[in-house]
Every structure is written in C-alpha cells, then in structure tokens.
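Chain by chain, the residues:
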Amino acid sequence: MSRNLILGALLSSLVLLAALLSFFWTPYDYAALDIPNKLQPPSIQHWFGTDHFGRDMFSMIMIGARTSIAVALVAVGIGMTLGIPLGLMAAARKGTWLDEVIMRGNDLVFAFPSLVIAILITAILGAGAINAIIAIGIFNIPVFARITRGAALSLWEREFILAARVSGKGAARISAEHILPNVANLLIVQGTIQFSLGILAEAGLSYVGLGAQPPTPSWGRMLADAQTMVSFAPHLALIPGLAIIVTVMGLNLLGDGLRDWLDPRIRVARA
Amino acid sequence: MQRGEIFMTKQAFRSFASALVLGTSVFATGALAKSDITIAMQLEPPHLDPTSAAAQAIDSVVYTNIFEGLTRFMGDGSVVPGLAESWEISDDGTIYTFKLREGVAFHDGTAMDAEDVKFSLDRAMAEDSVNAQKALFAGIESVEVVDPLTVKVTLSEPNGNFLFNMAWGDAVIVAPESIETIQTNPVGTGAFTFGDWVQGDSIVLNRNPNYWGEQPALETATFKFISDPTAAFAAMMAEDVDAFDNFPAPENLPQFEADPRFQVIVGSTEGETILSTNNKQPPFDDIRVRQALAHAIDRQAIIDGAMFGYGTPIGTHFAPHNPAYVDLTGTSNYDPKKAAELLTEAGYADGFETTLHLPPPAYARRGGEIIAAQLAEVGIKAEIINVEWAQWLESVFKGKDFGLTVISHTEPMDIGIYARPDYYFQYDSLDAQTLMQTLNATTDPDERKKLLEEMQRLIASDFVNGYLFQLAKLGVAKTGVQGLWANAPTAAIDLTQISWAE
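Taken in order, these protein sequences are the chains called A and B.
Residue 67 in the working numbering sits at position 67 of the first sequence; the count goes up by one each step and never skips.
Residue 301 in the working numbering sits at position 301 of the second sequence; the count goes up by one each step and never skips.
Hints in this document: simulated from the structure, not taken from any laboratory.
C-beta atoms are modelled at their ideal positions from N, C-alpha and C, and glycine is treated no differently.
Honestly, I wouldn't trust all of these hints.
As the list claims (entries may be wrong) - Some, not all, of what chain B presents toward chain A, calculated at C-beta under 8 Å:
| hint | residue |
| --- | --- |
| 1 | 229 |
| 2 | 230 |
| 3 | 249 |
| 4 | 252 |
| 5 | 255 |
| 6 | 305 |
| 7 | 370 |
| 8 | 384 |
| 9 | 386 |
What the hints assert, rightly or not - Computed spacing ranges between beta-carbons, pair by pair:
| hint | chain 1 | residue 1 | chain 2 | residue 2 | range |
| --- | --- | --- | --- | --- | --- |
| 10 | B | 389 | A | 70 | 30 to 40 Å |
| 11 | A | 245 | B | 80 | 53 to 63 Å |
| 12 | A | 70 | B | 450 | 54 to 64 Å |
| 13 | B | 399 | A | 94 | 49 to 59 Å |
Please work from the sequences and hints to get the whole structure.
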C-alpha cells in the first residue's frame, strides 16, 4: 500500500469519525449561544475557540463535517445511480441514436459551469441542504456516465465479452455481469474524487448562502460569517478553511492511492 | 465674480499640475484645506427623485444637497426654516402662510417661487401621486399662491406635525420645468448641483456657485457605493474613501478606533429595530403568545451579538433620543420562564413552528439567528428564511406572508403605522387609531407629548411586535473630516456642513 493511500485514508476517516461521533457527542451544544464568551481564541475549554455568537467551533466543525459528508455522499450517490447505467447503456448501444442522445445530453450538462447552475437551481428551488444535494448531484451524472462509457467501450471489444455474447447473454446482462465489475475500480476512484469535489461545492454553495440554512452549521457559511472578522479573529476563518483542506486533500490522496492500488497494471509492475 | 472664478480655475489648475508632479494632491495643496471628499454608502439609489420613491439612498445623496424643502432637518433632529424664511399659523391651526426666501434659483437658472411650491405640493398629494409618504400631505386641503413669495396652505384640520412633515425628503420643492428628467438629472435649489452618475459605482455633485445661502466648504463631493462589508473595510483601510456614512460591519469599528488615521462617530438613527410579528396570523393573534415572544427575547444579547454592543434597547416603537420617549423595556423584560408559562396558558405548552424572514443587513441576519436560538429555548421553532430585499418587499411587506421578521423601521416618528390596520404587521386596534387621530389634531406640545407617551404604552402593552433596539449610526471618517452628522434624524448626508480641518 502506498503512502498516499494510508495518509488519505487516515485523513478521510478522521473527518468521517468526527461526523459519526457528532451524532452521539459534541463537546458543547453546537446551537447554544454564549454571547459574553464570543470570539475566544482556541483554548483548553474550546479547542477551536468560539465564534461571533460564542458557539463552540469544535462542535460546529463536527456537525459541519456531517453536513458536508451527507450532502457530498448523496450527491455522488445520485451521480452514480443515474450516471453508471446511462454510461453502460451508451456503451452497449455504441453508435446508435441512444448513445448519441445520452452523450449529447451529457455534453449539454457539462457545458454549463457547474457552480453557476447550482446557484440557479438553489435560487429557483430555494436555499437549503436538500436542494444543494440535487444541484451537485445533477452535475455528477455526466461525469460517471462518460467515464463508464469510455471504459466499457474497450471492454466490449474483448474476447471474454464475445464469449459471453456467443453463449447468448443479452446486452443488459453482459453490462451488469461482465462490464460493471471490470470498471468498478475506476468508478470507485472517480467516486472518491467526485466526493471531494462535492464537499468543495457544498462549501461554495453555503458560502454564498445557498447551502444548509442556519442554525445548521456548515463550513462554507462559517467562512462567509468570518469574512469581516478575519482581521481580529483569524481562527474563525482558519479553522473551517483547514477542515475543508484536510477533507479534500484526504479524499484526493485516497483516490490517488486507490487508483494505484486497484490498477492491475501498476500492481503487476510492483510485484 | 467672473474674475474670481477665473482666478479659482487657474489656482485649481496649478494645484492639479503640481499634484501630477508630486503624485499626490494631499501634499500639493499644502496649507490649503482639501475641498473634495469621497463618501461611501452601502446602497446605490435606484434613481434621484426623492418625491417618488421610499429608497433611503436617494435622500442620502440629494437631501439638502440638491433638493430643499420649505423646512429642513438639522443634524440634531430640529426642524428649521428652509426655502421658507418664516411662516404664520392661523389661530385655529389650519392655515399656514409661508414667506419664501428671495432670490432663490433652481440649478437651471429659473427662479424658485410660490408657483413651484404649489406645483410640488399639489403633485405630491395628487390622486395619482407616486410619493412614498403620501400621508405627509393627506391633511392639506388646498395650496394657494398669494404672491410670488407667499404661499398659503390650508389644512382640513389642525396638524401639529405639519412643519415637521414639510422637512421630509419626500416634501422637497421641485420645478415643473425639470420634472420630466428628475430621476436622472435632478434640478433643485440646493448648494450642490448634480454632476455625474456612473451606474454601479458613484455619483458626483459639484458646488452650486449661485446658491442662495452660505457657500459650502466643499467644491465637489463623490458618493461611492460599496455594498459588501468586507470591501467596505478594505476601501476604508486603503483610504480609497474619506468617510463611510453608516459602516455596515460594527465588528470592525474597534480597529478604526485604534487607528489614528480614522475617527468613529457613533450616533443614533431613527431605526427602531423590531421583531415584526404578523398580528393576524395564528398563533400571533393571541396576545399571550405575543407577550411570550417579548419575554423570550434577550435584547442585550442581540445588541452584543449582532451589533457588537452598538444600539440602545427599546421597549416600544419610539426613538430613545426623542424627548417624548418612555422607557418601556421593563414591560417586555427577558424572562423565559414567564414566556413558557404564557405559552402554556395560550395552549402551546409544546411550543409551535413559525417562519422568521431575514433581509440582508447584519442586524437582521445575525439578530435573527440569535432570536431563533432564544425562541427555541421556550419551545418556539422559528425556521430561518434568508431573503433578499426584493423578496422581502414582495412576500413580507406586500404579501404579508410571514410569521416573524426582523426589520429596522428607519422613518422618523413613524409610530403612526400602528394606526394602519392594513400595514404589513396588521395590528388592528381601535384604541390606537383613535389615539393617532387625536394626536394629529393636537398642536399643543405638552398635550402631544402626553398622547405620544400614551401611544407608546398602548403598543408596548399590546405586545404588537418584539421591540429590540434603536439602530446605531456608525460613521467612520478620516481624521480631519468635520461636520458629519453623528445622528440620522432622516436619511441625509448634509454636505453643506462638511469641511476638512486645517
């Protein structure tokens, strides 16, 4: 196992653990205001200090991790459940009108800057975590559709697929039984990367006020709230910023590591 | 006069040239005090006609600078003669005879006379008038021109507030000759003429050499629009602007205070910041629920948390700096236990759910978050809905589709809104309506004060809205800028009083 994989797994699981733990325990009630103790720098009582309402930043970061992960997870889930079957279908019917419709539809979604459309969607549907999930999810669909189709196309030329066809299996069955397992590692790697992009997108949306609504903490909004106070309470911006960096870096390292680990060619070379 | 102007121009040219050489105008002018200023404000006016829109930003730019009324507000809130030099009031208080100043001209050269006054008032009170404060003119029965410098205004009943009403930006005197283009090229009688408007950036005003009154110290003034609080802080710190009318981020004030380059001028506005409550929407139609709201709110926490300590607690819809103010904060003191009891009594032992609409300013967004947390403690679950101004006007103010909202009512002396049952918070009380009627018909100052006090007590004991605090005016300026209004008795940036030290 590579160093990337271990470091990435460690950082990602750290964030995941914090999010899971927040369901049972946070050092303070994240919503409890304590205005006389606002803007405290990090200390023994408040590990990450307090925000402009005197809320415990450590508790907010924990709940924020939960928000980020939930939004990114569901959004990637939407992308995978819709994108992968579309990609498999397009590959199985390569060159037909179905392939064309699916891939041009993908191009259409790809053509728009994703954050701008996400802002449009949340502006129409209203701000909130659910709509942020939908907005980010939609942009994950073409990513998975395209990568699945690309990988599947080369597989369709292989002898074992020919063998399967000769034995009378239909396109759908071949896609499910033979193609999908062989593109799975690629998809896992891409899923990890998309997951980190989802976290970034959620932070971006809540930064402009379109993500999870107060009082639910989210890293992006913590950053936005900190803007005017950076000059005298830098921890307000540093801490959610670091949380985002750690998560995104962790997931990217994990994705890289997984790719190296799962890629048979590299595995052979290593052996 | 002409010689003087030529001389001025030459000198201006010289200092301009030397400014180029030295690369900075501050040192170039030497002992001469600066005669230009750049003042930043947060919102850009939609247009420049104060008589056809409620936008405060319009008044900030044009009030007393471009347009003047019969009377005018001073920085301390007093009402003094404006274009009317003096006036006589008939014994029954219904006829006001205004004597206009002589030799007043509009910026286009036409004379300001009684006809213009009649035109302005008739236009404001007309059926199809788009004036944002038509109530100011409602009591006017007729306006007559006696001679070019005398106007007789007849009221249907005595109105003790009439001279105060005529000082509003909505009651300024405009000319029929230039009314067509007033929104983009305002022509008034003030000490400054409209120069240039770069949409989205700034408006420039120039000194009016033919002004009837004392010449202002400033030659030009630039209003710059900076809506983002972070950008506002950066612009101030980089000295891109000389002053900020009302700084949007109170948390940054200590930094300006600690910096010898700046002065911080904290004053009061006419903005009663309230937790506005939809009195017609259940459960807020029950006075016990409204009282519970009032006791659930900790004002000091909101002032400290949202405004970093700037703001004065209020217990009714009235400005604390007004002599008639009654401190009623005790009526709605912070007492969550009592709030919970009242809710139980009203049948909401387990609380209830409602919405809390929050417009963009920090007082609303931050204050609202604190209020939501405080209400949660007594079991009221207020869902925060952040809205832009347009949405707020549409759904809350016009549509009346809200439970709670946080808003600052910045019009001066606006307690009269409690006598308007169709106003967005929908308080329908016969007592309040009769009281306001009596007040409007009363001219005796002592009697008026008593009635105003009674009105304040009435709305406080009816717990119409949650009364939070009086919005502070947070002026920031470079050291050396003099004459800025500390308080804001009306939205205005009075350039005529502003000068640079030295």
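> Is the gap between the beta carbons of residue 70 (chain A) and residue 450 (chain B) within 54 to 64 Å?
Replying inline: At roughly 60 Å between Cβ atoms, residue 450 (chain B) and residue 70 (chain A) fall inside 54 to 64 Å, so the hint holds.
>> Tell me if the beta carbons of residue 389 (chain B) and residue 70 (chain A) are separated by a distance inside 30 to 40 Å.
In response: holds, 32 Å
>> Restraint: residue 249 (chain B) near chain A, CB-CB cut 8 Å. Satisfied or not?
In response: holds, 4 Å
> Against chain A, is residue 255 (chain B) within 8 Å by beta-carbon distance?
Replying inline: holds, 6 Å
> Measuring from the C-beta of residue 384 (chain B) to each C-beta in chain A, is the shortest one below 8 Å?
Replying inline: holds, 5 Å
>> Does the closest beta carbon of chain A sit nearer than 8 Å to the beta carbon of residue 230 (chain B)?
In response: Holds. Min distance 5 Å.
>> Interface hint check: residue 305 (chain B), Cβ to nearest Cβ on chain A, cutoff 8 Å. Holds or violated?
In response: Since chain A brings a Cβ to about 4 Å from residue 305 (chain B), closer than 8 Å, the hint holds.
>> Is 49 to 59 Å respected by the C-beta to C-beta distance linking residue 399 (chain B) and residue 94 (chain A)?
In response: holds, 54 Å
>> Given residue 386 (chain B) as an interface hint, is its Cβ closer than 8 Å to any Cβ of chain A?
In response: holds, 6 Å
> Does the hinted range 53 to 63 Å hold for residue 245 (chain A) and residue 80 (chain B) at CB?
Replying inline: Given a distance of about 60 Å, which is inside 53 to 63 Å, the answer is holds.
>> Interface hint check: residue 252 (chain B), Cβ to nearest Cβ on chain A, cutoff 8 Å. Holds or violated?
In response: holds, 6 Å
>> Holds or violated: the hint that residue 229 (chain B) contacts chain A, with Cβ atoms closer than 8 Å.
In response: Result: holds, 5 Å to nearest chain A Cβ.
Figure legend: structure checked against the earlier numbered hints; every hint is met.
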